[in-house]
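K.L.:
Spelled out, the chains give:
There are 2 protein chains.
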Amino acid sequence: MTQKTLALKIGAAALLASALALTTSAQAANNNIGGPLILKDQGSFFVGGDTEFSDAISGQTSGPGGFGYSNSDYIKVNQMYVQFQVPMKSARNIPIVLLHGCCLTAKTWEDTPDGRMGWAEYFLRNNHAVYLPDQSSRARSGFDATTINEVKLGQKPATALPNVFLFGRVSAWDLFRFGPAYPTPFADEQFPVESLSDFGNQVIPDLNATLPTPNPTYQNMANLAILAGGAVLVGHSESGFFPEQAALVNSSAVKGVISIEGVCSPLNGAQIKTLAKIPTLIMFGDHLTGSPISASLWSSALQGCQTFVQQLKAAGGKATLVQLPQIGLHGNSHMLMQDRNNLEIADYVLDWIDKNVKQNHGRALVGKNRNASDN
Amino acid sequence: MTQKTLALKIGAAALLASALALTTSAQAANNNIGGPLILKDQGSFFVGGDTEFSDAISGQTSGPGGFGYSNSDYIKVNQMYVQFQVPMKSARNIPIVLLHGCCLTAKTWEDTPDGRMGWAEYFLRNNHAVYLPDQSSRARSGFDATTINEVKLGQKPATALPNVFLFGRVSAWDLFRFGPAYPTPFADEQFPVESLSDFGNQVIPDLNATLPTPNPTYQNMANLAILAGGAVLVGHSESGFFPEQAALVNSSAVKGVISIEGVCSPLNGAQIKTLAKIPTLIMFGDHLTGSPISASLWSSALQGCQTFVQQLKAAGGKATLVQLPQIGLHGNSHMLMQDRNNLEIADYVLDWIDKNVKQNHGRALVGKNRNASDN
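Residue numbers (our numbering), protein chains in the order written: chain A, 1 to 375; chain B, 1 to 375.
Pulled out of the complex, with its shape left as it was, chain A reads as follows (with noise of 0.2 Å):
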């Protein structure tokens, strides 16, 4: 347990000196990694956006916050927030674009449940821009609330509000894959399951069926990779296939794609022929059978990602699918980028890149910092 996730456990009074006695650990743990950060460049900003006139911006008739507004409006939808940091020597290295999957937010990929460091600083350690979005209708990116306030304003039915939805902590244990049934783990499980609670906090309601088809997060994410001059998209569960669907709207500036723990969706010829150019990584953690509801799920979607695979390869393209045991990496989860050997796993991530992806990318079109000397 980190001080972070104890902390706040416990009462003021024994909040200093519980979290002072932790310190010391979490220093151990990270002094191979840690030191000073030089950054180049970072900032937000959005990409995308659409002006909606709705006719119900809250759930009272006398308008928003009551204050003799109209309660129809122009808003903005569809739009995606992203975060991103640009290290100092990162002129050779091609930028990064972690999606998170479902429930979840950017938060995936920073600090891990137990302290520990993400891939998004990893990525910036190792000279990659990183690039960190949190889906259109969810977290910073905002959804539209209109159906649920037409709802409780009486002009629609109570069925035609959105499915909204999360993961609660035993349906997670099993999806996720930390052990055979909640709260047992498994014997070479990977996952700080002693952070549990404080993974729990990551977890936010997912509000994508309140999105038009298609999903604006895949014409978001090929114009994020323009912005940043050239991308390796990475997505992760709910998202691992939207690197893909990304390159289908826009195929221009994904220089890479990277599927982890998603599912593969059937496609055309026409579609694999595009995807074919682009080198792809499909990758799974451990114990795919292993927790009993979830098992025929990861199991099609490996079944899935093997056949996308091998109609890449047969289309000439250059595609692996690796499952972390067929590298000696045991016991990963779900949420293999907070595992606890999440960086060993970005190591093989950055290698992969290396090996597979060209480097020498275009300028990035966003940040402000542009005049900071270029390494």
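Derived from the structure by calculation, the hints contain no laboratory data.
Nothing false has been slipped in among the hints.
Since copy identity is lost for identical chains, a pair holds within one copy or between any two.
Straight-line distance between alpha carbons at most 25 Å, and here's what the computed SDA-like set of lysine to any residue pairs gives:
no.	residue 1	residue 2
1	Lys358	Ala346
2	Lys156	Gln60
3	Lys313	Gln326
4	Lys156	Asp55
Position chain B against the provided structure of chain A, taking the given hints into account.
P.N.:
The following block gives chain B in isolation, referenced to the frame of chain A:
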């Protein structure tokens, strides 16, 4: 208009050329504050979070994802997500916590809608550690969707739905004092109104109506101040008085409070006595009565805060209320941290902190790179 705002309004073909053409002006504007940023530490974590047993974690009886899970499970609610950055030379300076207002997120304090530097990075570059929370129930902090799902499932009436709301383009123009009436700006308006569409992307639904009373963000902010080793708490608009509310929960680590464009609630004598021990800055912009619908709201907010400051002073407190025109800054909107002269206002804030807040604070308890050298 910046490359960020403009770039995604146009098609992919025109995107490269336009964005490149616009890079120059953004560079020029930031020459004085650009250059490498050296961090001792950065990361993200959660403060608080309660475990709740929800009987409707999705809006379908087949449970979340339709994967065969129970629709009842343990979820986390009331947690507060926080990002932080610690610059190398911060040891002598008090950390600053920046909390956003209604329908907004921590994005408030990052790059402005027209792509200039926000207060978060500016305070960092002035050697203060900066903590950026999303309010509990907003953005990456998640929210409790149980009631929405119960209504969808027919277990509760539509009237039980929370009042979810935001401010649209026309109402924001009035409330945020961009001008006397949409789309006309004040002659001396400082908000970058040409970037209104990009600002609209920041405005997301407010779900505070889903929270228990008292708002858990108060306790979370007080605990965050402890974890930061003492901090100045800054609130804005809806959260303008949250720093004071946090100090009333636990003032032990609240070393200064700054309330920007908020409503100062009436307090009793004991509460005033507690807050009088903490240096307090209240700030308002310009044109408080210039927008017809919000004129009475802002007059009343100003009056309430004038009373509050008088009460603090009568109790021996160090308290200042500043209307920006009084110090020669004119045309500032409700979103003054994003206005064209936002860094001039930031300088005033930094100067106020220097002169009023004890600077040699305690040692922060969160963060992972504590072994980095301390300057």
